[in-house]
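Novice: Keeping their order, the protein sequence lines are chains A and B.
Counting in the working numbering, the first sequence tops out at residue 159, every number present.
Counting in the working numbering, the second sequence tops out at residue 1184, every number present.
Hints listed in this document are in silico derivations from the structure and should not be mistaken for laboratory results.
Quantities reported herein were computed from a predicted structural model and do not represent experimental measurements.
Certain hints may be false.
[Unchecked claim] What follows is a list of derived Cβ distance ranges for each label pair: (1) A:S30 x B:G1060: 51 to 61 Å; (2) B:D1123 x A:D80: 29 to 39 Å; (3) A:L101 x B:G1060: 45 to 55 Å.
All residues carry an ideal CB built from backbone N, CA and C; glycine is no exception.
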Amino acid sequence: MFCDEVLDAIEAIAAGELTSDGRVADHLRSCPDCAAALEDARQLERMLQARPVPRTPSQFTSRTMAGVRRARWRSEQFLDIGFNFAIGTVILAVVTGVWMLMHRSGLTAVSNDAVDLFGTAFLTLARRIAPSLPLYAGAAALLVSALGIWWWAERDVSL
Amino acid sequence: MEAVNERELVERCRRGDEGAFQELVDRYKDLVFALIARTVQDRSRAEDLAQDVFLRIHRGLPYFRGEARLSTWIYRIVVNVCLQDRARPPAGRETVSLDDDGARGRVTVSTPDRRFGDLELRDRLEKAIGRLPAHYRLLVAAHYLQGVQYEDLADAMQLPLGTVKTHLYRAKQQLRRLLETELK
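Here chain A stands alone, though its shape is the one from the complex (with noise of 0.2 Å):
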C-alpha cells in the first residue's frame, strides 16, 4: 500500500468515520510518517471539537426585533409612498381624461361661461349684503347669546 493511499483516508480514521482495515492498519505501523500524519490529524480533530461555542450577546433579541420592527416600517412607509403615488397617478389621469373630453366636446366652453356667471352672481350678492352686514352680525350674537344662556340652563339642571 502506499502513503498516498493511506494519507487521502488520515482525516477519516482520525475523526473515527473510518476504521483502518488490515492493510492501512499495516503501513501505519510501519510507516512513521503516516503514522505522524494520523497523530497530527487526531491532534487537530481534537483542537476543533474543543474550540469554544461563541455565546449569543445578552441582548441579541431585542436588538433583532427591534431591527425586524425598523425594517418593517420601512417597508410600510415604502408602500404608504407607492400607494400615494398610485393614487395621485390614477386621480390626475382622471382628471386629464375629462378634461381632454370635455375640451373635444365643447364643453369647456360652457363650463367657463357658466363659472363667469356664478362669479358675477356672487359678487352681486356680496354688494347687496354688505351695507347690512352689522345687522347680520349683531343678530348672530344675540343668537349665539341665547343658544349660550339655554346650554348653560339645561347643564345646571342636569346636575
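Knowing the structure of chain A, use the given hints to seat chain B on it.
Specialist: Only chain B this time, still in chain A's reference frame:
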C-alpha cells in the same frame, strides 16, 4: 424542534405574530450566532450578520413553502450571508499569516505552561481557519457545532452528502498543512 411545532411556529410568524417570531429568534439565535462568529471571527461583525440572517428570515417567511426543514432553510441563509460577507473582505483580514508568529518558535502541548500553550495553539488554529477558502471555513465552523448534521450541511449548501464530506476532509488537510510547522 418537532415538525408540528415548527410548522405551527412558522404559520404564526406568517400571520404577523411578533411573539412567534421572537420565539423563533430565541430558538435559533445561539446556533446562528455561533456559526457566523466562528466563520467571520469578529464578534461585532458576527452580530450584525446574525441580525441580517433573522431579517432575511422575517422577509422570506411568507415564501417559505415548508418543503425543507426550517433549520435547513435557516442554515442556507447563514451560508449565503457568510459567503456574501466573504465577497467583500474587510481591511486586514487577508493579511493574517501564520508566519507572523514565526519568531515565537515552536509550541507543543508538552510546554511546561500547558494552558498558555493551549491558548497559543487555539490562536494559531483560528488564524489557520481564517486562511481557508470561505466554504471550507463554513464547513469546519458548522460541523463541529453540536446539532449540525452532515445532511443539514449538504442541504444548506446544495451539495451531495459525499461532496460535503470530501470538502471537510480537504479543509482539514489544508488546516493540517497550515499548522504543520507549529504542531510537529
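Novice: Next, verify each hint and record whether it holds.
Specialist: Going through the hints against the structure:
{"no.": "1", "hint": "A:S30 x B:G1060: 51 to 61 Å", "verdict": "holds (56 Å)"}
{"no.": "2", "hint": "B:D1123 x A:D80: 29 to 39 Å", "verdict": "violated (52 Å)"}
{"no.": "3", "hint": "A:L101 x B:G1060: 45 to 55 Å", "verdict": "holds (47 Å)"}
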